[in-house]
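Chains as they are written, first to last, in the working numbering: chain A, 1 to 594; chain B, 1 to 594.
Just to be clear, a hint being listed does not mean it is correct.
No distinction is drawn between identical chains; accordingly, a pair holds when it is met within one copy or between any pair of copies.
Derived pair list, reagent style DSBU-like, types lysine-lysine, alpha-carbon separation capped at 30 Å [to be verified]:
#	residue 1	residue 2
1	K77	K147
2	K80	K158
3	K335	K476
4	K381	K335
5	K511	K335
6	K484	K335
7	K381	K180
8	K476	K80
9	K153	K381
10	K511	K484
11	K183	K5
12	K77	K545
13	K484	K158
If you're looking for bench data, these hints aren't it; they were derived computationally from the structure.
There are 2 protein chains.
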Amino acid sequence: MPIYKAPVEDAIFLLNDVFQISRYNNLPGFADATPDLIEAVLGEAAKLAEEVMQPVNQSGDEEGCIRHDDGSVTTPKGFKEAYQQYAEGGWMGISAPAEFGGQGLPETMTTVVNEIMAAANMALTMYPGLTQGAIAAILTHGTPEQKAAYLPKMIEGKWTGTMNLTEPHCGTDLGLLRTKAVKQSDGSYKISGTKIFISAGEHDLTENIVHLVLARIEGAPAGIRGTTLFIVPKVMVNPDGTLGARNAVSCGSIEDKMGIHGNATCVMNYDGATGFLIGEENRGINAMFVMMNEARLAVGAQGLAQSEVAYQNAAAYARERLQGRALTGPKYPDKPADPIIVHPDVRRMLMAMRAFNEGARALVIWTALQGDVEHRSPDEKARQAAADHMGLLTPVIKGVLTDQGFANAVMAQQVYGGHGYIREYGMEQFVRDARIAMIYEGANGVQAMDLVGRKLPRDGGRALQAFFAEVQGFIKENGDDAVKPFVAPLGVALGHLQQATMWLMQNAMAKPDNAGAAATDYMHLFGRVAIGYMWCRIAKAAQAKLAAGADARMSAKLVTGRFFVERMLPETATHLARIQSGAGSMMELPADAF
Amino acid sequence: MPIYKAPVEDAIFLLNDVFQISRYNNLPGFADATPDLIEAVLGEAAKLAEEVMQPVNQSGDEEGCIRHDDGSVTTPKGFKEAYQQYAEGGWMGISAPAEFGGQGLPETMTTVVNEIMAAANMALTMYPGLTQGAIAAILTHGTPEQKAAYLPKMIEGKWTGTMNLTEPHCGTDLGLLRTKAVKQSDGSYKISGTKIFISAGEHDLTENIVHLVLARIEGAPAGIRGTTLFIVPKVMVNPDGTLGARNAVSCGSIEDKMGIHGNATCVMNYDGATGFLIGEENRGINAMFVMMNEARLAVGAQGLAQSEVAYQNAAAYARERLQGRALTGPKYPDKPADPIIVHPDVRRMLMAMRAFNEGARALVIWTALQGDVEHRSPDEKARQAAADHMGLLTPVIKGVLTDQGFANAVMAQQVYGGHGYIREYGMEQFVRDARIAMIYEGANGVQAMDLVGRKLPRDGGRALQAFFAEVQGFIKENGDDAVKPFVAPLGVALGHLQQATMWLMQNAMAKPDNAGAAATDYMHLFGRVAIGYMWCRIAKAAQAKLAAGADARMSAKLVTGRFFVERMLPETATHLARIQSGAGSMMELPADAF
């Protein structure tokens, strides 16, 4: 059975040493997040993940969810108990407002915890993960009454949440959606339609499920600006908070999928179900974006999570599997063969995963801290800068971390050789589970277009300029001998990103297909630079710690960072060449030539 | 259900126009392969693949193989009937010698046919695929009696074959193997041991199975030079050719795998089974290499095959799925949305798959023709040059075509969005099936080391020099305006490959880890150059055909080739940078740091 050890030490190093979380103590909740508390919280999260959630990950995949004839869904054995421990531990609301029963800690803490949970059991973690997205939407757009009715139960983990966007004929293009909402005399709406691919849409973990449903009010304008968001509880909630009658929403079927078998992906039928408007009429997409942005960051972290757990298993296997001899002569002459970790090509894979994971974790935490600033800072300028950062980095994190997270799961499987293909070893499950993260919450091509088409030009390119200024500033201030081996290649990579940006400015206005043709490469080029910048900051912090005393873990950081800048940063040149080749050959063939 | 249309036209264009197969008419069997016959053979192969094999591909995956308590194995519904049609059509032996019942056509024809069959149904095609490898080994190393006893039945498709190498504790490092062979007074051997991961090891398709088993004769030297190859029939063959008693070999279990569920991957138990020496004592690995090289090319073609069928389905979906509008304005204003093929990012994926598939198919056919020259030419120098080519290109084709074939299956799945993750659409099966090709017949890291560590230095680098000379010669001879847009970037890429080679020569002798650290990148760099060269030859042939008259298919070739050189060739720069970074950061950490 696969192993997993939560990267608590690494997260603590990033929070305390690299990003110095104490600098944010002016924000609500941060003063509570002392080094001791961080260690205690992450230690508890690690325990739950390693001892409760991970042990039912493989069996959950084998067993899957079962839908019964009455529309109810049973989750795999052990999921309910594990979820209960999660809820009782208060994990759903560690960052939620205290007035609704949360602990008010930084959202960054939730982000770190979610990586750990998702690595241990991705399918199970999706149930609370979607709930946290729904909580965020209700917090932002709900009325005081809605908040009072739903948030305490959700934050307590008694109820879960879902997001209902996709319909059979529309996923990316939500303007096409058909689910109808008809206003009733009491102000509520009757919701009718079919939603598909609804993760956690039905299950047996909680007594109620709060569906957030995008629908079209009778007479609304066509397209995305005619969609409205509704709260549709599975079981109606009485004014006194007790549960009432079953609402007319049901699970019509569950999908037979490639992976995440432990999470029920439902077709949800709304047959005149009672729904309550949340946010403004015809502005549903705005309300939904709160959930979606939250979810996109979480999905990026899922990519990292699968990469991390896959890496850990590959490393353990590589240390133990005996096969062949080191090219430099036997390392263990007394054994029949050397462990395969002596082979450079095995090291190549392990180091690539490790360098990505540690850098990507930094990127996630750095961005999560900006999320806290955006939501909690009293300083308007700081909030705006943080919002810019979030807007710019969210598609990068979603797209790059899930593409690479999947690629790394495949790489980890490769380290196992033939055993990687056998289900019992668990490596192929990481591949199958990680695969969905590239697709849901906006396929990665959509993320790339969001970055290039919306986030770059927004506000005259303000967000991008701020990012460039920060990275350039760091390069300039850290040109000294110690960090130079890191910042010098970062400067080259940043130059590629700037050239690519310039090319887009000059070539995409007149010919928009040039933007579309460049988008995915631009996103990955951006991701390399962003993670490269993270490695520079990690290296600086590691050097400072090393100067204060020997620490093998910090030396390993420097080696891993060198691997990143030597072997992974140079890809920026290829991305730039592709971007500059434009849309010509890509778009030239007529559709019927395919 | 997924679709598949065999790329018969493309294969004919490559055989006749690009590689001018008629130039080989001096070789046995080639004069028979007239354009008419090629078209007829491939047309029949397409029919069998599309109408018989492909329709049971998805159901075969769902159903899988079942092992019964008596050790017998039932293949999925329809497999037996499809196999019978394959056998009755004579497909097993279209290139086999006429004296054993084959049709004597070029091996190149078998290669083209195998791509088609593997695209239609990879799991099913593996049964005859392994048989063809076993036939090749017996043809090369068998005694006349062995040939007479086994080949006619195998070529007729009445019996299948397997290769038994891997044991629980050894895959790549076969020197560790423990299966024992004890000589008997009648000259036969008793074979005892356990083999794992034996594809097609047991099934219900045929009345007998001919196992080729690598074992160690009592008292043999340790290591790989103490291994011997044996023929171990499942059912003993009487002197008159009829079947006798059951041999003491049985299937102990079948593996629960990620994919290729229609092929039984068996644990084979040899309990004093009767075996017959094939080839020389303690030279088993030499005999096995005949099968392995045959199999490696076939596995490379499997990668291409999965990429091709996945691409075809993605293209069909992209033409039909309506979602969003073209960046340049609605293309179908009368429809609710445009088909997603209008989006550059979808085109990017389709063109990348297409450019790879057509170039890789050329590479496979070019190399298969060299295989025919190696085995059939009366000219010793030509045979040697062809053998050099085969040695050099076999690991490249195996490694590059399966890595990219898998990546393309993932890309094709991505085009489907959420539907790609649902089993019913069939796209995730291509991903799961394609995944094994990167692992079996030598994991791709092993291919890379074979290329860099063995094939490059062999005979003073003769094979590589010949490859460089051919590509350089083509670039020099075709510097004119028409092909220039193709040969100019190829020249750059070739330069990178030559620089990488030079770097290896200068840095790998003193420090072998530098070779290991470079191997995978070198293999992919080589693959890019080789496929780039193919695209130059395709472009030249297409231009000649276009000059002789308009042909939309030939114009499409030029566009697709441009996409390859503009967007896929530039990756060579990144590979070179990685290679030149050496083994330093890769090997520096102690094993316990992982």
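Task: Violated hints - listed by number, lowest first - done: Hints 1, 3, 4, 6, 7, 8, 9, 11, 12 and 13 contradicted; others consistent.
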